[in-house]
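Hey, can you work out the whole structure from these sequences and the hints?
This note's numbering numbers the first residue of the sequence shown as 4 and each following residue consecutively.
Since the hints were derived computationally from the structure, they do not count as laboratory data.
Some hints here could point you the wrong way.
With beta-carbon atoms standing in for the labels, derived distance ranges [as the list claims (entries may be wrong)]:
#1 R12 with Y106: 15 to 23 Å
#2 K48 with E78: 23 to 31 Å
#3 R59 with A25: 32 to 40 Å
#4 E21 with L102: 28 to 36 Å
#5 K8 with K48: 20 to 28 Å
#6 F23 with K63: 32 to 40 Å
#7 R12 with R86: 23 to 31 Å
#8 L54 with F23: 37 to 45 Å
We put the CB at the ideal spot given by N, CA and C, even for glycine.
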Amino acid sequence: MKNKKIIFRGEGFSLVSEYFKARGKEIEMNIVRYPKTVAIIPVPKRGRVMLIKQYRHPFKKKIWEIPAGKLDLKESPLRGAKRELREETGFVARKWKKLFSFYISPGYSTEYM
Numbered sequence: 004m005k006n007k008k009i010i011f012r013g014e015g016f017s018l019v020s021e022y023f024k025a026r027g028k029e030i031e032m033n034i035v036r037y038p039k040t041v042a043i044i045p046v047p048k049r050g051r052v053m054l055i056k057q058y059r060h061p062f063k064k065k066i067w068e069i070p071a072g073k074l075d076l077k078e079s080p081l082r083g084a085k086r087e088l089r090e091e092t093g094f095v096a097r098k099w100k101k102l103f104s105f106y107i108s109p110g111y112s113t114e115y116m
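Next up, the structure:
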C-alpha cells in the first residue's frame with residue numbers, strides 16, 4: 004500500500020482513503036474502519052424471535068431489528084452480546100449459542116460481526 008489518509012474520524016469509526024496497486028493500476032479506495040460488533044437473535048419461546056424497534060436516522064423512522072451493538076475495547080463477543088441484550092431489551096438469557104460470524108460489507112467496511 005502506497006498511501007493512507009484519514010478523511011473523517013467519528014464516534015467509534017473512521018473513514019480512510021487508501022491507495023494500492025491492482026493489475027498494474029493505482030486504485031483509491033475509501034474504507035469505513037469500524038470496531039467488532041455483535042448481534043443477538045433472542046428466542047424467548049420456541050418458534051418466536053424477539054425484535055426491538057429503534058429510530059434509525061438514515062431512514063428517518065423506527066425500524067424493527069435484532070438487538071446488536073459495538074463491542075467495548077477488549078470485550079469478548081459473548082460478554083458484549085449479554086450486555087447488548089440486557090441494555091436493549093432488559094432481558095437476560097440462560098442459554099447462549101454462537102451461530103456464525105461474518106463481515107457485514109466487506110467491499111468497503113472492516114465491520115466484523
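Hint check results:
1. Remark: the range hint 15 to 23 Å for R12 to Y106 is upheld by a beta-carbon distance near 21 Å.
2. Checked against the given bound of 23 to 31 Å, the beta carbons of K48 and E78, roughly 29 Å apart, stay inside it.
3. The hinted window of 32 to 40 Å between R59 and A25 holds, with their beta carbons roughly 34 Å apart.
4. Between E21 and L102 the C-beta distance comes to about 32 Å, which sits within the given range of 28 to 36 Å.
5. At about 51 Å, the CB distance of K8 to K48 disagrees with the hint of 20 to 28 Å.
6. About 36 Å separates the C-beta atoms of F23 and K63, a value consistent with the hinted range of 32 to 40 Å.
7. Distance hint check for R12 and R86: the Cβ-Cβ separation is about 25 Å, which falls inside the suggested range of 23 to 31 Å.
8. Roughly 40 Å separates the CB atoms of L54 and F23, a value that falls within the hinted 37 to 45 Å.
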